[in-house]
Amino acid sequence: MAKRSKRMKEVDKSVDKNKTYKLDEAIDILKKCPAPKFDQSVNVALKVGIDPKKSDQQVRGTVSLPHGTGQNVVLVVIAKGDKAKEALDAGADYAGSDELVEKIKGGWTDFSALIATPDMMRELGKLGKILGPRGLMPTPKAGTVTTDVAKAVKEVKAGKIEFKADKTGNVNNGVGKISFESDNLVENLNAWLNAVARAKPSSAKGVFMRSLYVSTTMGPGLKIDLQSLTVA
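In the numbering used here, the protein residues as written are 1476 to 1707.
No wet-lab data here; the hints were simulated from the structure. Any given hint could be a false lead.
As the list claims (entries may be wrong) - Simulated restraints on C-beta separations:
#	residue 1	residue 2	range
1	D1623	N1669	44 to 54 Å
2	P1511	S1703	21 to 31 Å
3	K1494	D1531	34 to 44 Å
4	A1672	K1698	10 to 20 Å
5	S1686	S1539	38 to 48 Å
Only a predicted model underlies this, so the values are computations on that prediction, with no experimental measurement involved. Just so you know, even glycine gets a beta-carbon here, dropped at the ideal spot from N, CA and C.
Using the sequences and the hints, build the whole thing.
This is the structure in structure tokens:
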């Protein structure tokens, strides 16, 4: 068994793993935990009441976090001509067509988000094995396949993220940095929770939100009291 570091032993003293916390209380505890020497992400893991094997019970959507993610989003837009220029003018880091497709085909994935115009999706479809596992394949549902590339670029740069339930019925996302003001983190979390709640499939039966944990990159996971949440 790996020896626990001095920092993690101090963290253990701050947390009662058998307790459920209110959202603001959990954020305050995570902020007070001894931290590593970098600005940790605040992550959420929500178990939802769906059958992931059923196509009519998929949970997927997007949400614009009011205070952004705190991450430096490296954004690529696959588009031709004027649309590529439009994307660069709006703040995209890279924009182009065939040359960028070839670069990705060669293994380049040093970016965090990808937007494409509909006419380029045939070429991008061939890169499913590269983009799919990294969650980078653009989709119309997420607003990342669009002709309005300028709007999409601005939204992603401002903190729009995609959420999706995995094969085990869990939705996981980063919703900010631990250096954010506590109120801002709570607002981001509530925006995310409400977006996931709105994405509940009509065919899903019973309790939708089953359990919720909030954690930092290298910190503890705190269980949230679902009864204390104000989800619209």
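Structure versus earlier hints, numbers of those that do not hold, lowest first | Violated: hints 1 and 5.
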